[in-house]
Every structure is written in structure tokens, then in C-alpha cells.
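Engineer: These protein sequence lines map, in sequence, to chains A and B. Just so you know, we're using the numbering used here here: the first sequence kicks off at 1 and counts up by one. Just so you know, we're using the numbering used here here: the second sequence kicks off at 1 and counts up by one.
A few of these clues could be false.
[Said to hold, decoys possible] Cβ-to-Cβ under 8 angstroms is the rule here; a few derived chain B residues that face chain A: (1) P55; (2) P56; (3) E59; (4) R60; (5) V61; (6) P124; (7) E128.
Hints are computed from structural coordinates only; laboratory data are not their basis. Heads up, the beta-carbon is just placed ideally off N, CA and C, and yes, glycines get one too.
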Amino acid sequence: MRTRIKEHRAKQNLTQEKLAEMVGVRRETIIFLEQGKYNPSLRLAHNVAKALKTTINEIFIFDDDYC
Amino acid sequence: MKTNRAFLAISSTALIVIIILISLRAYYVTIALIAGILIIGHREFWSLIRRKKLPPIDERVRENAGKSIRNGFIFFVLALAFLMLPFSVLLIRTPNIVHVLGGLFLSGGMVYLLSYLFYDRVEPKLDERGLKMLKTFLLVAGISLASGIISVFLHNAISGLFGIEEPVFFFITVFIVPLALAVGIIGSLVIFINGLFSRVS
Chain A
1 MRTRIKEHRA KQNLTQEKLA EMVGVRRETI IFLEQGKYNP SLRLAHNVAK
51 ALKTTINEIF IFDDDYC
Chain B
1 MKTNRAFLAI SSTALIVIII LISLRAYYVT IALIAGILII GHREFWSLIR
51 RKKLPPIDER VRENAGKSIR NGFIFFVLAL AFLMLPFSVL LIRTPNIVHV
101 LGGLFLSGGM VYLLSYLFYD RVEPKLDERG LKMLKTFLLV AGISLASGII
151 SVFLHNAISG LFGIEEPVFF FITVFIVPLA LAVGIIGSLV IFINGLFSRV
201 S
């Protein structure tokens, strides 16, 4: 899984700390999410997408996506 | 708010357990418990010292803590069963039952601590190759430990049955098992510590 959280975060001018605070998670969780090393729950994915004013599809990319 | 309550509950429970342990004179378990709490909760303590908001207990932390509790519990049950089966009479008669149980809790706690550190701070930082190597080293350590126990049993059984000094399993137990165990433990520790202290940006 790859993510485009970092890109969208930069667009919104948000720090990892600020995004973590908005979503209600630890900064480390945002770090691991950005690196694609943590599979979030649907709720967390939704909250991150909402905080970045985008959609889940836009920020979480699955390499084996065949749709 | 939720974090504050959880932190308060854990701290007060730990304080009660520490008082009980000190009254039982299980000092080494007390020290280990305090060290474990400080290692796991160092971020929370640091936030308290700096009078900052406590970091939230998010789903990742809950997930990691859950998996670690499961590992610690499984280890505790297995170790207790291992001790109880062959030594149950000896265990009941021993005057140091508190120390035996303290040792078991301590080992279970160590498994919890190492599991938590692994899931929370090591696993996400290791790449696929690192994880594979760690798994291999742990497997080497586990297999050598198991073969050590089996070799001792077989050496004694063969020597006792045939009245000879059995050489093959003796050689395996004395030379190969300690070497393989050392390689497994040192290798896993190096990868674990490397992952634990590597930086993420």
C-alpha cells in the first residue's frame, strides 16, 4: 500500500503533529501511515481523508488494485 | 481525557502492585516492573514533566498493546504448565513460591515489553529483508533451544539404556546448541536494537 498523505498534507500546509492532533492519533501513527507501514481502520482512513479535504481513494493507493 | 484516565488507572494499579511486591520482598520484580513501566510510558511521563497534553491512545497503540498482552499471557500459561507438569510437588513444597511466581510474572512481563516494543517501534521501521532476517535468527534460537533440551534427554536415555557414554548428542548439546543459540540471540538482538533506535522522519 502506498499513500499520498504527505503530498496532501504539504498542500494543506499541515505538519505531522498538527494532522495527528486533528485526527486524534499519535504523530508516530501519521509517520507510519505516510510510509504505508500501517493499515488504518476505515474510520481512521476516513478521518485522515476528511482532515486533508480529500477522499480515501485519493490518499490510499493499493498496488494490486485491479478496478 | 480518555488517555488521562487510562494513565491514572495504570499508574495507580502499578503503585498498588509495587507496594504488594515490596511487602513480599520481591525486590527484583519491583525493579523490573518500574523499569518496564518507564520504558513503555516514557512518552507519557515526558509529556507530564513538560506539562504538555498526553499523547492519545489511538487504534495503533490499542492494537499493539492487545497483541502484546496476548503474547505475554500465552508465554505465562506455557511457562506455568512447563513448571507445573514435572515439578508440581516440588513447587508446592518450596518455601520460595513467591519468587517462583515472581519470576514467572517477570518473564511474562518481559515478553509483553519486548512484544510491545517490537510491534510499536521495531516492526514498522524494518524493511522486508530485515524482518525476514529477524525471523530467521529467532527461529535459529528457538530450534537450538528445543534441540538442546531434546539432546540432553536423548543422551541421558541412550546412556542409561545401553550403559555407554553416548557421544553424538553430548557433542550437539555441549558445542553446537550453545553456538547456534548465541548466533540466534545476538543476531536477533542486533536487528531489534537497530530497528528500535533507527530514526523515522
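Engineer: Of the hints given before, which are not true for this structure?
Structural biologist: 7
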